[in-house]
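S.K.: So the chains spell out like this:
Protein chains: 2
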Amino acid sequence: MKKVRIALTGYGNVGQAFARMLTRKKDYIRETFGAEPLITAICTKSRGAAVCPDGIDPERVTDDMFDRSADAMTVIRSGEYDVMAELTPINIMTGQPAADHIRTALLLGKHVITANKGPIAWHYRELRDLAVKQGVQFRYEATVMDGTPVYNLTQETLMGCRITEVSGIFNATTNFILTEMERGVSFEDAVEEGRRQGFVEADPSMDVDGWDAAAKLTALMNVLMDVRITPDQIDRTGIADITKDDIDEAAKAGKRIKLICRGRVEDGRPVGTVKPTLVDRDSLPAIMDATSSYVTIDTDLMGATTVIEEPFEPEIDHTAYGVLSDLLRVLKTCG
Amino acid sequence: MKKVRIALTGYGNVGQAFARMLTRKKDYIRETFGAEPLITAICTKSRGAAVCPDGIDPERVTDDMFDRSADAMTVIRSGEYDVMAELTPINIMTGQPAADHIRTALLLGKHVITANKGPIAWHYRELRDLAVKQGVQFRYEATVMDGTPVYNLTQETLMGCRITEVSGIFNATTNFILTEMERGVSFEDAVEEGRRQGFVEADPSMDVDGWDAAAKLTALMNVLMDVRITPDQIDRTGIADITKDDIDEAAKAGKRIKLICRGRVEDGRPVGTVKPTLVDRDSLPAIMDATSSYVTIDTDLMGATTVIEEPFEPEIDHTAYGVLSDLLRVLKTCG
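Chains as they are written, first to last, in our numbering: chain E, 1 to 335; chain W, 336 to 670.
Hints in this document: simulated from the structure, not taken from any laboratory. Glycine residues also receive a C-beta, built at the ideal position from the N, C-alpha and C atoms. Fair warning: there could be bad hints in the mix.
Said to hold, decoys possible - Subject to a maximum C-alpha distance of 30 Å in a straight line, what follows is the list of computed BS3-like cross-link-like pairs (lysine-lysine):
#1 W/Lys-667 to E/Lys-2
#2 W/Lys-590 to E/Lys-252
#3 W/Lys-468 to W/Lys-338
#4 W/Lys-360 to E/Lys-332
Said to hold, decoys possible - One-sided excerpt, in silico: chain E residues whose CB lies under 8 Å from chain W:
#5 Asn-152
#6 Leu-153
#7 Leu-158
#8 Met-159
#9 Leu-278
#10 Asp-282
#11 Ser-283
#12 Leu-284
#13 Ile-287
#14 Ala-304
#15 Thr-306
#16 Ser-325
#17 Leu-328
Given these sequences and hints, build the entire structure.
M.R.: Below, the structure is given as structure tokens:
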């Protein structure tokens, strides 16, 4: 039985949900891949690093297990793991320190999986090439649309296709706010309700201003369309200036307002847009429920395929599944 | 450069489109997999078998290349190929002779890819187990929703999940007819228009009576939900009895009529239904364009994922892509 040592950088909601899911699927992993996954290190900014070569039980993580003088880089540089799961909070403007974490692990010949879209938005090409050069896996399914297969879908099941456009609704917070405003709820009350329900951040400006959507679009374009673009290059308009009148005008015209992302190549240059857009009432974006997402992937060989993520409780398990599906793919590919 | 010999059983629209697509992607296949795919045999019911170990150019297939005394089984039993592509016309009631073709090729240790849903609806479990025992690939992506990744999606990118339900609109002919009837076109005129546009069969009864949808649902249930069910066990109602009044009544109530397929397990037994169903105007099935299809795959770990196939011209290339994507997966998996 092959032991697979996993180092977790970041142990917030996603890290904890992933660890629980991993425990739940241990028998399946053993039977399917002949592997025993062990979490051998957990690093958090506040507590430092907990290391245990025999494996850490996620149900029994206590503060006294952590060495406050150690940090993520201490663990990453040790090389005493086979797979690093980079699950630190995103910095949408830089992709750091996640990109440095990933680069260091790849340079040491370790597989890397991440839920952090920052490095994919800002540093993808460099990290991808490094992983290829090192002969290791670099996977990031959970970075867009949680556990919904988007990258894996394209890379494993749309082989041979050239991706000519990606588009969709990628941000649940803004989609929820717009849906609530259509029901007559004010912008501020919609934000408050979303916070109360747990999926809107304390400071929702990254979502409201379209940065989260822009980062996701950038990530998709870099990976699926093999272009080089960064979030600051996206033509981005958020929903902060959408008024009740705008919503009502749209409804009178038989339309709805949705924050639509679109990426394509024009005159040889990648062009990405995030914009509030009028859509017909009986179009796919119009019927997307409050916290649903979708992506439409246009190809040269077989036209457009659309994948829809429907709301799931608990939402964090959807993201955790994305990380797990990447781990399973590492196990399947690297045997 | 490794030569990969492909025997085509069936050389109708799908076979020819696949052969053309293969030629178009030869460089990609060479660069990506270090393999040179060659069509070394073509078998058709009317012309017999054409065999050429150095490869047949699909642009130069002439009748005099065929030996009328040979048939598909002659070629399949010869074993002089690496992959058999089973592309014969479907027999929805038996899955033959495709199932016999596939079994024979698997017993000879050959990989098999197919666009024929008959064997997957009627003989899946046996053929799957035989392929596993023989250590070869058995793939069938093009059997449901043409080239849209459904099986590959589930098997490669939803690993670890248990599929608890499949549902969707799987038949383009009936969806088109229902859409046309909503526009005031008669059933008969809708059938005629569909024939004129090329996607409705001369005899549309297999579609209209729901047999095509039932066979697809059966195939999905057998593969994705690991159950044993056959098309005759589906609770099946087609659209032959849908009248203009039914359509109008639905519209008055703010609904549409769609032929919905659904498969799940109840009390330990697989239950599949194909039924005309009233759906809300702003639901996903309601907005499916005339020849669109979709499938919703419910999982235990991450809820429901929906995949939509949008109309593509030429439609036959969508199916051909499904066959190609299976070939690429064989090349990727078997190196």
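S.K.: None of the hints should be skipped; say for each whether it holds.
M.R.: The hints, checked one at a time:
{"no.": "1", "hint": "W/Lys-667 to E/Lys-2", "in the structure": "holds (24 Å)"}
{"no.": "2", "hint": "W/Lys-590 to E/Lys-252", "in the structure": "holds (21 Å)"}
{"no.": "3", "hint": "W/Lys-468 to W/Lys-338", "in the structure": "holds (25 Å)"}
{"no.": "4", "hint": "W/Lys-360 to E/Lys-332", "in the structure": "holds (27 Å)"}
{"no.": "5", "hint": "Asn-152", "in the structure": "holds (4 Å)"}
{"no.": "6", "hint": "Leu-153", "in the structure": "holds (6 Å)"}
{"no.": "7", "hint": "Leu-158", "in the structure": "holds (7 Å)"}
{"no.": "8", "hint": "Met-159", "in the structure": "holds (4 Å)"}
{"no.": "9", "hint": "Leu-278", "in the structure": "violated (16 Å)"}
{"no.": "10", "hint": "Asp-282", "in the structure": "holds (5 Å)"}
{"no.": "11", "hint": "Ser-283", "in the structure": "holds (7 Å)"}
{"no.": "12", "hint": "Leu-284", "in the structure": "holds (6 Å)"}
{"no.": "13", "hint": "Ile-287", "in the structure": "holds (5 Å)"}
{"no.": "14", "hint": "Ala-304", "in the structure": "holds (5 Å)"}
{"no.": "15", "hint": "Thr-306", "in the structure": "holds (4 Å)"}
{"no.": "16", "hint": "Ser-325", "in the structure": "holds (6 Å)"}
{"no.": "17", "hint": "Leu-328", "in the structure": "holds (4 Å)"}
Checked against the numbered hints given earlier, the structure breaks only hint 9 and satisfies all the rest.
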